[in-house]
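Taken in order, the sequence shown gives residues 25 to 436; the numbers are from the working numbering.
In case anyone wonders, no lab produced these hints; they're calculated from the structure. We put the beta carbon where it would ideally sit given N, CA and C, even for glycine. Among these hints, one or two may not hold up.
So the derived label-pair ranges between C-beta atoms look like this [unchecked claim]: (1) Leu-235 with Arg-124: 33 to 39 Å; (2) Arg-147 with Gly-319: 42 to 48 Å; (3) His-45 with Gly-406: 19 to 25 Å.
Simulated crosslink set (DMTMM-like; lysine to aspartate or glutamate; CA at most 25 Å straight-line) [to be verified]: (4) Lys-187 with Glu-130; (5) Lys-127 with Asp-145; (6) Lys-233 with Asp-243; (7) Lys-396 with Asp-204; (8) Lys-177 with Asp-117; (9) Lys-377 with Asp-412; (10) Lys-358 with Asp-336; (11) Lys-222 with Asp-204; (12) Lys-187 with Glu-169; (13) Lys-79 with Asp-243; (14) Lys-358 with Glu-315; (15) Lys-358 with Asp-383; (16) Lys-222 with Asp-243; (17) Lys-358 with Asp-121; (18) Lys-127 with Asp-117; (19) Lys-177 with Glu-130; (20) Lys-222 with Asp-287; (21) Lys-377 with Asp-410; (22) Lys-222 with Glu-164; (23) Lys-187 with Glu-142; (24) Lys-79 with Glu-236.
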Amino acid sequence: MSSAFPVALSGARAQTLMWAHEHDVDHAALNQLRNISALPWVEGVRVMPDVHLGKGATVGSVIAMRDAVSPNAVGVDIGCGMIGVRTSLTAADLPDDLSRLRKRIEAAIPVGFHSHDEQVDLRRLRPVKGSGGQERLRGEQAFWERFETLNPKVRQLETRARKQLGSLGGGNHFVEVCLDQDDQVWLQLHSGSRNIGKELAEHHVRIAKDLEHNKGLVDRELAVFLGGTPEMDAYLNELWWAQEYAARSRAVMMALAVQAVRDEFAAMSDGGRELTFDEGVNVHHNYVAREQVDGAELIVTRKGAIRAGQGDLGLIPGSMGTGSYVVRGLGNPKSYWSASHGAGRRMSRTRAKKEFTLDDLAAQTAGVECRKDHGVLDEIPGAYKDLDAVIAAQSDLVEVVARLRTVLCVKG
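Kindly generate the complete structure, drawing on both the sequences and the hints.
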């Protein structure tokens, strides 16, 4: 089935193609997209079906610029993304009561504002092979030596950053146990660069806003750095580091989650069963890359979007407890080789807390082992767009490999 998309955004200056209809997108988000398209450095904008209002740049946007980059076109959670791995377990192997497994995962991976008491000793981890595993756990010393190249304002955060690596955070971040259409068990999680990424991003946004070429912008939150300047070089150096931090952190958490599952099933079966785990999928959805677009090297920012080049594997999650899709990119150049990063919010956290009750939360997460308290009410599934509709809108961008349904969800 061919997609009805893309459609061009009315009133945009640079070409802005959307995998959503204007009447389905919040008016403020549409204006934000038009503001982005009007920046003189923008070559084009691509809009994903999970699009919604963000700070400066819209969440669910892919922006290609010539010799320029806007920190808010990436977002403050630099490198935020997903990692997932299929296990040798099946639904029949899972206990009826998953509360003990949830507690074991929560004990292994700090959530919310918490961090590890000490930096995780990678030597005691059994990594998951492939993109989710070994290579992200190697080169630790060289990675941390690069911390000395970051700006002095964050140097005092090194100890905290070391302890937060391998911790989940809060908001829409999660660890889940899921089942695919063949009842095979998957582990997946969603997290980013924690406090250190936020501090780096906000530091550079402040610098960009004070640069002379940004003072006449319609929205100063869209302030950019220009190529060939020390400000651009400093930002990209710190951004590359933060993106790697986020990917490493996900790999560490997955190794911790895998060990928690191993320990739980060893306890259930008196240690007689060895579990296996397939190669992991570890993808950013808030990041920057230099890419060739129409024969020119451009700086492409994805804020709430994954790369979906030909054959690229990706993970597109829904809201709390509603599952995810494992997808393979079709390599569509119209979207700048991109696809959505999730279901996308359809209402703010404040509105969700006003509109929904704990009874609603319990009903919408029925059958899922998870928190069902006020602390996660703003993450209720009803606050998000319908994931299946989001996937259907981008049938020309990705093909579905697996549909995952959640049976256990750990939230910050």
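task: Run the structure past the numbered hints and jot down the numbers of the failing ones, going up.
output: 1, 8, 11, 15, 17, 19 and 20
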